[in-house]
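First to last, the protein sequences are chains A and B.
Going by the working numbering, the first sequence opens with residue 1, and the numbers climb by one from there.
Going by the working numbering, the second sequence opens with residue 114, and the numbers climb by one from there.
Just so you know, the hints here were simulated from the structure itself, not pulled from any lab data.
Treat the hints with care, as some may be off.
[To be verified] Distance windows between CB atoms, simulated:
| no. | chain 1 | residue 1 | chain 2 | residue 2 | range |
| --- | --- | --- | --- | --- | --- |
| 1 | A | Thr7 | B | Glu179 | 38 to 48 Å |
| 2 | B | Pro134 | A | Gln44 | 17 to 27 Å |
| 3 | A | Ser65 | B | Met123 | 33 to 43 Å |
| 4 | B | Asn170 | A | Asp1 | 27 to 37 Å |
| 5 | B | Ala176 | A | Glu75 | 36 to 46 Å |
| 6 | B | Glu124 | A | Gln44 | 26 to 36 Å |
| 7 | B | Glu129 | A | Thr20 | 26 to 36 Å |
| 8 | B | Gln155 | A | Leu83 | 19 to 29 Å |
| 9 | A | Gly58 | B | Leu228 | 36 to 46 Å |
| 10 | B | His189 | A | Ser65 | 38 to 48 Å |
| 11 | B | Ser122 | A | Gly58 | 23 to 33 Å |
| 12 | B | Thr165 | A | Glu53 | 23 to 33 Å |
We put the beta carbon where it would ideally sit given N, CA and C, even for glycine.
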Amino acid sequence: DSGVTQTPKHLITATGQRVTLRCSPRSGDLSVYWYQQSLDQGLQFLIQYYNGEERAKGNILERFSAQQFPDLHSELNLSSLELGDSALYFCASSVVPMGYGYTFGSGTRLTVV
Amino acid sequence: DAKTTQPNSMESNEEEPVHLPCNHSTISGTDYIHWYRQLPSQGPEYVIHGLTSNVNNRMASLAIAEDRKSSTLILHRATLRDAAVYYCILRGQGGITGGGNKLTFGTGTQLKVEL
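Only chain A is shown next, with the shape it has when bound in the complex:
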């Protein structure tokens, strides 16, 4: 157990639907990062939050959004789902200052059918 909790572990949904992925960071970590891993794209950075505020954006589609709540957990919302959104979605958290490693969760496997 890495200390980063992601739910659900598996999700199967239909095209056009909307899902929410949840991440609880490791205790004491203020930064949360979302990554998408598909077979053809590898690990892609989506978005970063720090203490409730968005800090960096990567290759995140407009159909996707995220937020970090006062208790520091984060949610990634994926809407108007397409077959190509099927992937593993990882959340990671980190403690500052710089140089420390990220701790990743075990991921949510999303299958869009």
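Starting from the structure of chain A, add chain B where the hints point.
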């Protein structure tokens, strides 16, 4: 983000040392060198990081070239459980909360360990 170059795959025998190379010729003076690994069906796992000096921890050693344009991750005695994709990543300093804080993963090196 500065780019890293790693071999696509490497093979090793169990109980032997493994040297995983990484080239990063465009590294900036403030970039940290991070190594992560990803075992099958798991999230990436932090292995080690360094800035200029060689580093050792319980998992591995990191040897950094004097000009910092390359580095080598050393697994002293490979086991079957070390079979994974190993990623060499440069992490910039965008402030402790800034965008430079993010990790950009490449394709990594698939390490195969045989009996």
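We went through each hint and held it up to the structure:
Look at A/Thr7 against B/Glu179: about 46 Å separates their beta carbons, and that is inside 38 to 48 Å. Between B/Pro134 and A/Gln44 the Cβ separation comes to about 24 Å, which falls inside the hinted range of 17 to 27 Å. Under the hint 33 to 43 Å, the C-beta atoms of A/Ser65 and B/Met123, about 39 Å apart, fit the expected range. Separated by about 20 Å at the C-beta atoms, B/Asn170 and A/Asp1 break the suggested range of 27 to 37 Å.
As the Cβ distance of B/Ala176 to A/Glu75 is approximately 41 Å, the hint placing it in 36 to 46 Å holds. Against the hinted window of 26 to 36 Å, the Cβ-Cβ separation of B/Glu124 and A/Gln44 comes to about 28 Å, which satisfies the hint. Between B/Glu129 and A/Thr20 the CB atoms are about 46 Å apart, so this pair departs from the stated range of 26 to 36 Å. A hinted range of 19 to 29 Å holds for the C-beta pair B/Gln155 and A/Leu83, which are about 25 Å apart.
With their beta carbons about 40 Å apart, A/Gly58 and B/Leu228 fall inside the hinted range of 36 to 46 Å. The hint said 38 to 48 Å for the Cβ distance between B/His189 and A/Ser65, and at roughly 45 Å that hint holds. Taken as a hint, the range 23 to 33 Å holds for the pair B/Ser122 and A/Gly58, whose Cβ atoms sit roughly 27 Å apart. One distance hint, 23 to 33 Å for the beta-carbon pair B/Thr165 and A/Glu53, holds here, with the actual separation near 32 Å.
Violated hints, in rising order: 4, 7; the structure is consistent with all others.
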